[in-house]
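Q: Read off the chains here:
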Amino acid sequence: AQSVAQPEDQVNVAEGNPLTVKCTYSVSGNPYLFWYVQYPNRGLQFLLKYITGDNLVKGSYGFEAEFNKSQTSFHLKKPSALVSDSALYFCAVRDARSDYKLSFGAGTTVTVRA
Amino acid sequence: DAGITQSPRHKVTETGTPVTLRCHQTENHRYMYWYRQDPGHGLRLIHYSYGVKDTDKGEVSDGYSVSRSKTEDFLLTLESATSSQTSVYFCAISESMGSSGNTIYFGEGSWLTVV
Chain R
1 AQSVAQPEDQ VNVAEGNPLT VKCTYSVSGN PYLFWYVQYP NRGLQFLLKY
51 ITGDNLVKGS YGFEAEFNKS QTSFHLKKPS ALVSDSALYF CAVRDARSDY
101 KLSFGAGTTV TVRA
Chain W
115 DAGITQSPRH KVTETGTPVT LRCHQTENHR YMYWYRQDPG HGLRLIHYSY
165 GVKDTDKGEV SDGYSVSRSK TEDFLLTLES ATSSQTSVYF CAISESMGSS
215 GNTIYFGEGS WLTVV
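Chains as they are written, first to last, in the numbering used here: chain R, 1 to 114; chain W, 115 to 229.
Keep in mind that the hints are not guaranteed to be accurate.
Keeping only pairs whose Cα atoms sit at most 16 Å apart, straight-line, the calculated EDC-like set for lysine to aspartate or glutamate is [as the list claims (entries may be wrong)]:
id : chain 1 : residue 1 : chain 2 : residue 2
1  : R       : Lys-101   : W       : Asp-170
2  : R       : Lys-49    : R       : Glu-64
3  : R       : Lys-69    : R       : Asp-95
4  : R       : Lys-69    : R       : Asp-54
5  : R       : Lys-22    : R       : Asp-9
6  : R       : Lys-49    : R       : Glu-66
7  : R       : Lys-101   : W       : Glu-209
8  : R       : Lys-101   : W       : Glu-173
9  : W       : Lys-167   : W       : Asp-187
Quick caveat, the hints were computed from the structure, so don't treat them as lab data.
Quantities reported herein were computed from a predicted structural model and do not represent experimental measurements.
Kindly produce the complete structure, drawing on both the sequences and the hints.
A: Encoded structure:
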């Protein structure tokens, strides 16, 4: 079985401050990890993914995420948040041995105040 | 943006009526998926397709059927809509599903309300 937990329903930060969105996962084998962002009334947009290699992954719009195998975490980070980063963020995991199943967390709503 | 078009984008229907949602892709990707999004649940896979006429069930497939007669089109049908199927439905595509970690790309969503 595989699962994803996003422990915070909401994250509020001031513009210019660092932003962190937390994600922990559970898989039997090696994980493939993804972050997506969803703006109101829109589809999910791919931000970044970890497959193998460097634990620090850089993605779109200045976001990055760090894979930590010992803590089974894949937290999303941005050094300086923008008001336009306000959105719903989803973490997803797939077992490398799985042929299709991508499991999503429940999502974290990020609000960046000016 | 991935070339995925969903139709209709918004629909209100009555309980017991059949509903078909259409997904059209221009990327020639082999794999297509239907997800539903509900508050507190993230996205859950309904059905997926790994080729023309090749489909399989996801984790929440009860009450849904799919068909794929062409590479570019993937239809989701609610045979007899129920209020529990009120949701946002997303179509998604990917080039492959295997060990490559291929990224899944999503359409803009179809908002379905069953009254």
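Q: Run every hint past the structure and note whether it holds.
A: Hints, verified against the model:
For a cut-off of 16 Å, the pair hint linking R:Lys-101 to W:Asp-170 stands: about 11 Å separates their Cα positions. Restraint check: the Cα-Cα separation between R:Lys-49 and R:Glu-64 comes to about 9 Å, which is no more than 16 Å; the hinted pair holds. In summary, the hint linking R:Lys-69 to R:Asp-95 is supported, as the alpha carbons are separated by about 14 Å, within the 16 Å threshold. Taking the CA atoms of R:Lys-69 and R:Asp-54, the gap is about 12 Å. The hint holds against a cut of 16 Å.
Between R:Lys-22 and R:Asp-9 the alpha-carbon distance is near 10 Å, which keeps this suggested pair within the 16 Å criterion. Restraint check for R:Lys-49 and R:Glu-66: satisfied, since their Cα atoms lie roughly 10 Å apart, inside the 16 Å limit. Between R:Lys-101 and W:Glu-209, the direct Cα distance comes to roughly 15 Å. Compliance with the 16 Å bound is thereby established for this hinted pair. The suggested pairing of R:Lys-101 with W:Glu-173 holds, with an alpha-carbon distance near 9 Å, which does not exceed 16 Å.
Our distance criterion of 16 Å between C-alpha atoms is met by W:Lys-167 and W:Asp-187, whose separation comes to about 11 Å.
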